[in-house]
Amino acid sequence: MKKLLFGLAISAIALTSCSQNKQTQDEKKNETLETILNRRSIRAYTQESVSDEAVDIIIKAAINAPSARNAQPWQVRVVKNQGLINAIQDGVAERLKAQNPDFASRRVLFDAPVVIVVANDTTNPYGQLDCGWLGQNILLAAHSLGLGTCVVAMANDFLWSDQAKGVVEKLNFPDNYKIIYCVALGHQKDEIPDAKPRDMGKVQIID
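17 is the number of the first residue of the sequence shown in the working numbering; add one for each residue after it.
Since the hints were made in silico from the structure, they are not lab data. Glycine residues also receive a C-beta, built at the ideal position from the N, C-alpha and C atoms.
Derived pair list, reagent style BS3-like, types lysine-lysine, alpha-carbon separation capped at 25 Å:
#1 Lys181 - Lys113
#2 Lys76 - Lys194
#3 Lys212 - Lys45
#4 Lys194 - Lys181
#5 Lys76 - Lys186
#6 Lys96 - Lys76
#7 Lys96 - Lys194
#8 Lys205 - Lys96
#9 Lys96 - Lys186
#10 Lys181 - Lys96
Label pairs and their computed distance ranges (CB to CB):
#11 Gln115 - Glu69: 38 to 48 Å
#12 Asp223 - Ala169: 28 to 38 Å
#13 Asp206 - Arg85: 38 to 48 Å
The whole structure should be built from the sequences, with the hints applied where relevant.
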């Protein structure tokens, strides 16, 4: 009897293991799931330029994000001008230096060759949420093309300040739009960060 129970237990473990392995294989076969699960925030970029074709694909994916009543309450600026990117980085560094001198040399856009700036329509109550969907599409589309990205909200403290007026004017956003984040975009250096732990305890299934 003990041998029978032991055999059943071993069989159950084997079946569970096979099921888990099958799920892993299914995820690997599914390009969408693989992109979602493997995408990481990249904070080190080469200076290799990003092709116009890649940018066009990423932006097309971005603006195909869902939005409430299809209002599309976003404005997007693709910044390739290195002088403008540096102006944002330098402005942020100055404000950070006032808070902590150790931050003076911090390059919050990581010297990425492209920075995407997203602003939301402040008159739309769902604008920030909808811009979130747009941002996720940017990240996943870029990863699928072999490019790295990092969402940067730290720049907002500078971009919302009077000090940044000249920089923001160059981005040409309508008056009722407010910048909510930037996305650094480029070819990543030899940096493949490990995935941070995810807390499944925050998910509940209610039958």
